[in-house]
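Visitor: Below are the chains, spelled out letter by letter.
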Amino acid sequence: MFYTAADVSPDADKVARRLGTIADILFRHARKDFNIRVGDRELRYTNHPRFVILFDSPRSVRRLLLRHNEYLAAEAFVDKRLDIEGDLIAGLKAKNALIERAPTLRLGEKIKILFNLLRI
Amino acid sequence: MPRHTRAKDQRSIAFHYDLSNDFYGLFLDTRMAYTCAYYPQEESDLEEAQRAKFDHIARKLRLKPYQTLLDIGCGWGSFVVHACKHYGVTAHGVTLSREQAEYAQEWIRREDLEDQAFIEYRDYRDLVGTAQYDRISAIGVIEHVGHRNLARYFDGIHRLLKDNGLFLNHGISRRRDWRPNPGSDWIHDHVFPEGEPPALSTVITQLEDNDFEVQDVENLRQHYSRTCADWVDRLRRNRERCLELVDERTYRTWILYLAMSSIYFEEGEIFLYQILSSKRVPRFAPVPLTREDIYE
Chain A
1 MFYTAADVSP DADKVARRLG TIADILFRHA RKDFNIRVGD RELRYTNHPR
51 FVILFDSPRS VRRLLLRHNE YLAAEAFVDK RLDIEGDLIA GLKAKNALIE
101 RAPTLRLGEK IKILFNLLRI
Chain B
1 MPRHTRAKDQ RSIAFHYDLS NDFYGLFLDT RMAYTCAYYP QEESDLEEAQ
51 RAKFDHIARK LRLKPYQTLL DIGCGWGSFV VHACKHYGVT AHGVTLSREQ
101 AEYAQEWIRR EDLEDQAFIE YRDYRDLVGT AQYDRISAIG VIEHVGHRNL
151 ARYFDGIHRL LKDNGLFLNH GISRRRDWRP NPGSDWIHDH VFPEGEPPAL
201 STVITQLEDN DFEVQDVENL RQHYSRTCAD WVDRLRRNRE RCLELVDERT
251 YRTWILYLAM SSIYFEEGEI FLYQILSSKR VPRFAPVPLT REDIYE
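These protein sequences, in sequence, are chains A and B.
Numbering (our numbering) for the first sequence: 1 to 120.
Numbering (our numbering) for the second sequence: 1 to 296.
Chain B extracted, bound-state conformation:
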């Protein structure tokens, strides 16, 4: 089991995400969302699906104006900007990638959201004890945390969440009986060092052990398979521009990695789970009796 130290986590995140913002721009949507999209219709494109994903998460979190939102591993700031613009929250995003943090902060300035949103290059673990938030999202983070750190990860989030708060964890999981294989070894060696997606059962156990009450679980693996396939198409269409930024081997490594990921999601080797949780307190969580409000 690999050890996840702060320095190692920073190096791993930088290895994967600091390739260059322009490189990611060649295959991501205009919001630079590098996580599973949510395709509301068969004919939806990636742009629409990424927007729908952020709305899906915002509705599950029951975001309302003036609530405080912490987005852990905020990437290029897409959910922070979306939540501030469309749901009126005050958002704080943290990422371990300097390139992402700078890009996100600049985006916030362009959108004139500086009073509402703030993004930092910071380890989420450093926030514990400094503030509490109404809502917390962690989109595409848990796969970087590592099994050894899961208890501390959820304990930290528990401390950062207000008693009547909601926490949405959106992340990749592996099968419970998963074992390393040559394909996963190649991804580990060349693209995604220290990636360690936990099994759904492990995540739920950790949530329970850290005094969370699970409200809802949704599997979006079909959506992630399609998202990866869309990224492959976009990157292949932008091959010439890509080769101005990276060498041919890097380009080929990435189209293969994204294509393999699409297949792994399709074949049920990996999954994408959204898990909505609240703190375990002696009253009901801030969710309605039914889930109709998410789909209105």
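Just chain A, with the same shape it has in the complex:
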């Protein structure tokens, strides 16, 4: 079983755990004042989230992370494949954590993200 810093539900769901692993790597240095929901799956970092990032399905997570681009993310938001509950502006600024994180990712972390993305 994969370890993740978030409380994952459903607890035994492998896809949820893989999503947790990806989130842990990408948001390693970010303030964990938010939660993530992907369809029915939830990654809970805090009981008092400032915002919740919502994806309609693991497929949307995969598409957005593999082809990361602000234009595509904006289209996903308009189509409701991606949404933010709570503080919208703080939620959108989470992209900065990803932008800052990207150049610091080690090869092993990139492979781990890719491995998990392809299996969700």
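None of these hints come from the bench; they were simulated from the model.
Being a predicted model, the structure only gives us computed values, none of them experimental.
Accuracy of the hints is not assured; some may be wrong.
Said to hold, decoys possible - Quick partial rundown of chain A residues pointing at chain B, CB under 7 Å, derived from the structure:
id, residue
1, E70
2, Y71
3, L88
Backbone N, C-alpha and C fix where the C-beta goes; we use that ideal spot for every residue, glycine too.
Given the coordinates of chain A, assemble chain B onto it according to the supplied hints.
Guide: Below, chain B without anything else, positioned relative to chain A:
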């Protein structure tokens, strides 16, 4: 570099501003001011901040009773009405949006300001040669003008301004080294076609090239970030009413656009500059020795 023709400018303005007055009413303040507000206190709300913005501009322009004011791109007429009611000027507003012009003219009738204020659906370029004004304001216009037209824009304003006049340009600027990016492409494609905010240095160069003397420059990007955040809050609070006017995709496009704009201002991708200028003439401009009068 996009070409800005009159027809294209009219289509772009109509695309952005003719969505419906009721739609804009869901997130703007009661004066329908769709430009950066000015928050005098940390706890000021949008209503107070928009009023303070108009006072800030009026004080910078040193508006006095019976002066003539031209407001280029007057929107729904908020500054024209404010300047007439509180500063006693005679104001002429022009906009490229029919919906805005009709709304503004009706507002002027309601306020009983028809002797003092007049709003037209008209291109500011058509006014050149017809009159000269003591004061000219252009609030949120320059981002629509386009780089190719900047020289003509400032030349036109120079011709419309009296020799002892003052001109205040309040507009969005980009960083000088700005390049298109996927986020700006999305805004261009879905919300703000032909938007082309120039760099501050470009605006100042154009002002100088067109015989203006720059008096003051103020950056209000903190204020615009907060204004956009307030608009996002209001639009989200009015979601149900908004969905009676537009579809869900349009609603989501707008909250995203306003939220992205707030972030761009916060992160210094874009700025809001108020630039006060006078004509370059061999005497002093009509501004006092210090700027204390603005803050009294």
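Visitor: For the hint on E70/A, does the least C-beta distance to chain B fall short of 7 Å?
Guide: Holds. Min distance 4 Å.
Visitor: Against chain B, with CB atoms and a cut of 7 Å, does the hint on Y71/A hold up?
Guide: 4 Å, holds
Visitor: Double-check L88/A for me: the hint is only fine if its C-beta lies closer than 7 Å to a C-beta in chain B.
Guide: 5 Å, holds
Against the hints set out earlier in the document, no violation occurs for any number.
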